[in-house]
Amino acid sequence: MTEPLDRMTLTLTVNGRTIKVAVHPMARLLDILREEIGLTGTKEGCGEGECGACTVLMNGVPVLACLTPACQVDGAEVVTVEGLAKETLHPIQQAFLEEGGAQCGICTPGMLISAFYYLEHPECAENLREALAGNQCRCTGYTKIFSSVRKAAERLGKTIPEV
Amino acid sequence: MPEASLLDFSVFNPRRLDEALSLLAEEENVVPLAGGTDLMVTLETGNLSPCRFLNLMGIAEFQEPFSWCDGKLRMSPLCSYRDTRIDKDVATRYPLLVRAAREVGVLAIQSRGTWAGNIVNASPAADGVPVLMVYDAEVELRSTSGTRTVPLCDFYRGYKEMDRASDELVTGIILPPPPEDRIEYFRKVAPRRLQAITKVLLTGYLLRSDDRIEDCRIVLGSVAPFTLRARETESILRGSVLDSETIKAARAALQGEISPIDDIRSTAMYRRNVAERLLDEFLLSASPESH
Amino acid sequence: MNTKETLEPVESEEAPPIIGENLPRPEGIRKVCGTALYADDLKFDSCLFGRTVRSPAPRGRVRHIAFGEGIPWDEFVIVLPDDIPGENAVTLIEKSQPFLATSVRHIGEPVALIAHHDRALLNKALKAITVEIDEEPAIFSIEEALEGKEIQYGRDNIFKEYRITRGKLEEAFSEADHVLEGVYETGAQEQLYIEPQGVIARADPKGEVTIWGSIQCPFYVQKALAPLFALSPEKVRVIQTETGGGFGGKEEYPNLLSGHAALLSYRAGGAVVRMIYDRREDLFVTPKRHPSRTRIKSAFRKDGTFLGLEVDFVLDGGAYPTLSSTVLSRGILHSFGPYRIPHADLRARVVFTNSTPYGAFRGFGAPQSIFALELHLDRVAHELGLDPAELRRRNFVKKGDTFPTGQVIKEEIDLALLMDTALKKADYARKRKAYEEENRKNPRVKRGISLSVFFHGSGFTGSGEVMLGSKAAVRLLKDGSVEVLSANVEFGQGTNAMFTQITAAILGIPPEWVRIHQPDTAVVPNSGPTVASRTTMIVGRLVERAARRLRERVLEEGGLSQGYTGEEFRETAKRLAAREEFREEAQYVPPPDVHWDEQRYQGEAYSGYSWSCDVADVEVDMTTFQAEVKHFVSVVECGTVVNPIIAAGQIEGGIAQSIGYALYEDVHTERGVMVNNQYTNYIIPTTADIPSIEVSFIRFPLCNYGPFAAKGIGELPADGPAPAVAAAVAHALGYRYINKIPLLPERIAAVVLEEEETAA
Ligand SMILES: Cc1cc2nc3c(=O)[nH]c(=O)nc-3n(C[C@H](O)[C@H](O)[C@H](O)COP(=O)(O)OP(=O)(O)OC[C@H]3O[C@@H](n4cnc5c(N)ncnc54)[C@H](O)[C@@H]3O)c2cc1C
Ligand code: FES
Ligand code: FES
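Residue numbers (this note's numbering), protein chains in the order written: chain A, 1 to 163; chain B, 1001 to 1291; chain C, 2001 to 2760.
It should be emphasised that the hints constitute simulated quantities derived from the structure, not laboratory data. Take these hints with a grain of salt, some might be off.
Pairs of lysine-lysine, DSSO-like flavour, derived with a Cα cap of 30 Å [to be verified]:
no. : chain 1 : residue 1 : chain 2 : residue 2
1   : C       : Lys2431   : B       : Lys1160
2   : C       : Lys2425   : A       : Lys151
3   : C       : Lys2410   : A       : Lys20
4   : C       : Lys2206   : C       : Lys2095
With beta-carbon atoms standing in for the labels, derived distance ranges [unchecked claim]:
no. : chain 1 : residue 1 : chain 2 : residue 2 : range
5   : B       : Thr1149   : C       : Lys2441   : 46 to 52 Å
6   : C       : Ala2128   : B       : Arg1238   : 36 to 42 Å
7   : A       : Thr13     : C       : Asp2083   : 54 to 60 Å
8   : B       : Glu1061   : C       : Glu2757   : 52 to 58 Å
9   : C       : Ala2760   : B       : Gly1256   : 16 to 22 Å
10  : A       : His121    : B       : Asn1047   : 33 to 39 Å
11  : B       : Arg1238   : C       : Ala2760   : 25 to 31 Å
Beta carbons: idealized from backbone N, C-alpha and C, even for Gly.
With these hints in hand, go ahead and build the complete structure from the sequences.
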């Protein structure tokens, strides 16, 4: 009979780099990123899926790293905030910098991932408000985040509905 | 960092359904794991007793979210809210599914959370279950000893109690085609617009010929120990003329059926009043005058 | 140091163009790349994790702490009160709570500490500990405290009391055509910074303590930890890590938390100990905004002239004094608003209860008292048949008028202009009428619009700044750039950009050549805490003065002539920095005409005020009783705006928090502790709930003491939104006033339904 696993070797691609780590199969993707791989850009604000600070893309789709267990990440492609900039900042990062989209910055990694996803797939939500509703920010009141995303959209040549 | 020690937990990763079913039949303390959006929170808060998870994500038979058979829609147990929102056919034929899906958490929850998980999690505040009930969904349960289906409306017995044996897996959710020309209603009342737990929810449809109600479904969330199909209220409405008298009677019947409570999220008084107002809003919106 | 210096108001000087520019925040690049390091991101080769054993009872003596079966206790580091090397009390304004209690005063109070390198085992161990308490009766409300039930502090459960009087209030009442009384209540509010509290400590037994953490006031932590370890302050080094929001929540609590982590480290022989709270623990134990109850009685002439004001302002302080006395002080000093009031009697008290101690939160007492006054004025206007804006217009203070504190307004302020600008932007007059029409016809949705006008004092109250005597410094670095040294932290509000702009402006160099040293008590001078809207006006001015001195010296010693280019400055700076430490410091000196009488509570409570008018446009859904803000306008006067995007961002963020305060945020307590202490159960507005927010700045003629005549804005936006929203909701509901926030749908429902019932 099959034995249940309490250790597994996980293979995943993070920001284009393939990585193997040995972890508990219920370890959170959040801890794997932060502690095993050393990518501390992804933040923990609640550990319960509510705040969105841990948002990453998994196979191209936004998920909450605090709710995603290792056993469901095997073979996946993950993109974190550290993976947004290539040679230069991604337009969404540049816009956040210029327009005041980041204040204390703790929500920013998750916010950027959700905004990045929305700009790639504006059809995923009715508007920006819906697309970012899972990323809570206590500093900005969101106004500057909206203007940041609009600016990035312009630079990327995308049209997004008014908020 | 989870409150619970992970050492108390382990995981099975079956690749096929029969494998999963035998594990469920033969092993102790096995808990199916779908999108994990409920289970990971319970684990994090230290409210889960030691167990072995049965990771459903890798099961070959579950990979297609939808299939159609005899005009019925079959949803796989891994079908997520996101799958539902992006499938045009489903959106056209079962619009309430999309309306509910849009209001379950936010995008990042919808990409992982499943309808089957919502059913088995059995929260009275579930947002997926009510619309499935409106569409007369049937739950397909399978174990090594066979397959059976149960109408979702009859699935719950009490708070978090349901008609599912511990060796049974939900293997599908089956939706018959709903009647044509029905008027649908869905409203989730929560402390904010998105990412919020329901305080009161009312959804349903109504089928009218002239001013007479031919058929209807009325389902409520968060006003009883489990998602409530308001059968009494429906029976008052069915066959009646949709007028203010009927609405009044329906409102009264609804009050008799619901049993909301005070908790940290709201009050019984509020839930009672709002449930009735939602019913009123629904029925008025379905009245001949408003069409 | 040049000692013979008085501080004159800055006037007439043309600010260089960098002042008022939208310099992107210097640390922003790290924030958008995910490389900024917050406490939990720091790596140490090996470390222990610490947790706190807490009281299950609100009051009583700890009889026994039982360490249960099945845990290898000998592997754990355990700290009990007896293990504390120095003084077991957090030093703040006065000695406040113990680091570890032997006799508890609230649920959740720390009684012991444990640490282990295995977090899973640590959590399991914590569950295996039982704290047994000989319980005594406890009190949980302002009423119980005032009734004198179970006296637990002083003679009357009152931590602190203030009284401000002016004129003869009886005369106002006998002269008045209209007298109105009201009681206004506000609930506790959680800061909900997205980064929970967290510190890392190393306390090596040789007698040196180092703290890294998410901290607003590094020197407070130093001051609290030195007596705990019986060390001199320099032996305690506190380094602020990138801080993911604070809003006051990380003003005082890090003292206690740092003490805990350091005690564990000390017991562990100097091993590094991490204590990063998870969200549930953070919500459960950290201080929140004080709940308040304000009784107001006002006297008016029927033409709307304000004659007299009586205020009885009471705060629930919780179980320890913490910062409550200063919160109370700021509360009462903002309780009379920007109005001319000839007769006033203002009384303020903060009481003891067996609740988790309440603490600092943006606004610091002012949001509570302003809520009461501004909503009260809306009611007065309604009763007098005046538009609420009109009532205010008739009573605004002007230059030469006097506050009840005796402070004479010296600035050319024009509050009518401020208000009218806001009203116009909000289309107030038209909407106010149109909504009343619409509401008559539409039973399902009711709309309303109203306003608030208010001020917020910059800097510490009264003689607070003199007592602090803050210092900031500027120095040349070897590469010719200039570094600012201060203890004022960046936690989102823009300290780094603001100091950079001021320094670049004074030295005439590009902002890229200005560095900000991370606040580290071993390196930076004590420029005081990052609180009280003081960073721009008070500390910014110190940075400005230090930079001016530095410039003079560079000119003199470097042989640079006026009108130098940035490049020339840099070359000279390199040369000078290579020789020796080249550093200039400035220390706070009070403006010459600012006096404060602490005994009578009279005088210049604040040397500078920022002014604002908010207009809230709301909608109430009568099916669900949910109120939502649809549009929000705020016009702000804060002198020179150093960085408009950052300033507007501060205002917008404060407004969003305060809309939360008004409508959504409910700290649900049972026996004095928060029971909805899960992120999912404490509701703050998201992108989907926040209205469009329109912020603009106007400027009164300059006269101020900040750098380039800039004033503080950090707390201002916490003051006005709640009463504007509550008044707008009352307008929507046909002048049914609900005097208690948050205006949860349940609360609105109760009022509307009761009325429906009486009508039926
Ligand atoms: C931040 C957040 C927001 C949320 N918002 C909402 C909301 O707005 N509305 C709402 O209704 N819910 C909400 N939820 C709850 C949750 O997302 C839903 O209940 C979701 O549908 C659960 O699906 P899952 O696949 O993630 O379930 P899991 O967590 O994987 O499982 C849930 C339960 O179902 C059982 N289970 C799963 N699949 C099967 C199967 N095939 N057979 C037998 N048993 C099975 C599991 O054993 C477990 O008991 C939210 C959760 C979070 C964390
Ligand atoms: S930490 Fe994952 S959502 Fe908050
Ligand atoms: S910038 Fe601080 S929480 Fe968003």
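Exercise. Does the hinted range 46 to 52 Å hold for B/Thr1149 and C/Lys2441 at CB?
Worked result: holds (51 Å)
Exercise. Should the hint that B/Arg1238 and C/Ala2760 are 25 to 31 Å apart at their CB atoms be regarded as holding?
Worked result: holds (29 Å)
Problem set entry | Hint check for C/Asp2083 and A/Thr13 - Cβ pair distance inside 54 to 60 Å | violated (49 Å)
Problem set entry | 30 Å limit on alpha-carbon distance, applied to hinted pair C/Lys2206 and C/Lys2095 | holds (26 Å)
Problem set entry | 52 to 58 Å as the expected CB spacing between C/Glu2757 and B/Glu1061, which holds or is violated | Given a distance of about 57 Å, which is inside 52 to 58 Å, the answer is holds.
Problem set entry | Range hint compliance [Cβ, C/Ala2760 to B/Gly1256, 16 to 22 Å] | holds (20 Å)
Exercise. Does the Cβ distance between C/Ala2128 and B/Arg1238 fall inside 36 to 42 Å?
Worked result: With Cβ atoms ~58 Å apart, the hint is violated.
For this session: Please work out if C/Lys2410 and A/Lys20 have their alpha carbons no farther apart than 30 Å.
Result: Violated. C/Lys2410 to A/Lys20 sits at ~68 Å, over the 30 Å cutoff.
For this session: Would you mind confirming whether the straight-line C-alpha gap from C/Lys2431 to B/Lys1160 stays at or under 30 Å?
Result: violated (49 Å)
For this session: Measure nothing beyond the straight line between the CA atoms of C/Lys2425 and A/Lys151; if it is 30 Å or shorter, mark the hint as holding.
Result: The given pair, whose Cα atoms are some 24 Å apart, holds under the 30 Å limit.
For this session: Go ahead and decide if the range 33 to 39 Å is satisfied by the Cβ distance of A/His121 to B/Asn1047.
Result: Roughly 35 Å apart at Cβ, these two residues keep to the hinted range, so it holds.
Checked against the numbered hints listed earlier, the structure breaks hints 1, 3, 6, 7; every other hint is satisfied.
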